[in-house]
Amino acid sequence: MTNDKYEGNNILIFQNGILGFEDVKRYKLEPSDDDSPFYSLTAVDGHPSFVVCDPLWFVPDYTIPNLPGIDNAIERLAADSAEDLRCLAIVNIPGTACDATANLKAPVIINIKNNYADQFVLDDPDLLIKYRLFDNSPAYENSRAEVE
Amino acid sequence: MLILSRKTGEALLIDGDIEVTVLEIQGDRVRIGINAPADVPILRREIAETAGENAEAARALPVDELMNLNNFMKKNKN
Numbered sequence: 013m014t015n016d017k018y019e020g021n022n023i024l025i026f027q028n029g030i031l032g033f034e035d036v037k038r039y040k041l042e043p044s045d046d047d048s049p050f051y052s053l054t055a056v057d058g059h060p061s062f063v064v065c066d067p068l069w070f071v072p073d074y075t076i077p078n079l080p081g082i083d084n085a086i087e088r089l090a091a092d093s094a095e096d097l098r099c100l101a102i103v104n105i106p107g108t109a110c111d112a113t114a115n116l117k118a119p120v121i122i123n124i125k126n127n128y129a130d131q132f133v134l135d136d137p138d139l140l141i142k143y144r145l146f147d148n149s150p151a152y153e154n155s156r157a158e159v160e
Numbered sequence: 008m009l010i011l012s013r014k015t016g017e018a019l020l021i022d023g024d025i026e027v028t029v030l031e032i033q034g035d036r037v038r039i040g041i042n043a044p045a046d047v048p049i050l051r052r053e054i055a056e057t058a059g060e061n062a063e064a065a066r067a068l069p070v071d072e073l074m075n076l077n078n079f080m081k082k083n084k085n
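Residue numbers (our numbering), protein chains in the order written: chain X, 13 to 160; chain P, 8 to 85.
Calculated directly from the structure, the hints in this document are not laboratory data.
Be aware that a few hints might be false.
To give an idea of the interface, some chain P residues facing chain X are shown, with a C-beta separation under 10 Å as derived from the structure [as the list claims (entries may be wrong)]:
no., residue
1, L19
2, I21
3, D22
4, E56
5, A65
6, A67
7, P69
8, V70
Heads up, the beta-carbon is just placed ideally off N, CA and C, and yes, glycines get one too.
Isolated chain P (complex conformation):
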C-alpha cells in the first residue's frame, strides 16, 4: 500500500483527473473532498460490501431454508 502524509487543505491526484483533498481533521475523523469525472464510481467501502453481502443473501422464497434453520435450532437447543 502506498502511504502518504497530508495536512488539512493538501490534496493528491490519482490518474491525473481524480483529486482527493483533506478538508478537515478532527480526532479520529477526516473529512475528504473528491473531485472526479462523473463516470468514476465512488462508494464508502462498507456500503459496497453491504450491497455485495445483500446480493449473496438474496434468494427465491426461502421456505426450505427457513425450515432447515428452525429444525437446526430445535435439534441443538440445550
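The following block holds chain X by itself, in its conformation from the complex:
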C-alpha cells in the first residue's frame, strides 16, 4: 500500500540535490517522535537541515497515485512501480509552530527500495507552495480560535 507510514531513518541519495542546494546529495531522514508526521532531513555533513512531514496526515487525498506526473518520478528514481514510492513535503516555519506551511507543489519523493530521492515540481497550478498545515485539517478546526 502506498499509504503506509514511512519509517524513515535512512540515508537518502538525492542525485540532483534539493532545489537551491544542488551540491548536497546525501541526507539522513529521521523521525521526530513515535506518533508524529514530522521528520528531520539533514545533510550527512550537517548543513542544510529541513523539517519535512508526511502530507497524508494533513491532506488525505495527497497520495502517490493522485500526484500529477508520477510516471516521471517512477522513471527518474528507477522504481518498479508507484508502490515503491513515498512522499514527504518540506515544511517552512516562519514564526511559531501554528504558522507552519508545507510545500505541496514540490514534494520530496523517495524510492524506498533503493533510497533514491528527488524533489519534483508538480504540474498542477492548484497545489500550494505554502500550504498552511494547521488551518484546514479537520483535527485542528477547534484549535484555531484558541491559537488566534
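Based on the hints, put chain P in the right spot on chain X.
Only chain P this time, still in chain X's reference frame:
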C-alpha cells in the same frame, strides 16, 4: 503586463538579443524556444519559487522546532 498574440513559428525579441519563439501549440500547452546570451539566467518560474522556498525552509538542526510542532499537534488533537 504587455500582452501580444503570436502564431506558431513567430517570435519576439527582448532587449535586442533575447529571442522567444512559439514552436508548437497543443491544447493548453505551448512549446517555447529561447535564444539568449549564456549569462542570462532562464528558469521555469515554479523552479525558482521552490528554490526560494527551500532556502527559507533550510535551517540548523531543527530539534526545538520539531519538539514545538509535536507539542502543538498533541495539545490540539480532538
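Hint check results:
1. L19: 24 Å, violated
2. I21: Violated - the Cβ of P:I21 stays beyond 10 Å from chain X, reaching only about 24 Å at its closest.
3. D22: 27 Å, violated
4. E56: Cβ of P:E56 sits 6 Å from chain X, so the hint holds.
5. A65: 4 Å, holds
6. A67: At 6 Å from the nearest chain X Cβ, P:A67 passes the 10 Å test, so the hint holds.
7. P69: 5 Å, holds
8. V70: With a minimum Cβ separation of about 8 Å from chain X (threshold 10 Å), the hint on P:V70 holds.
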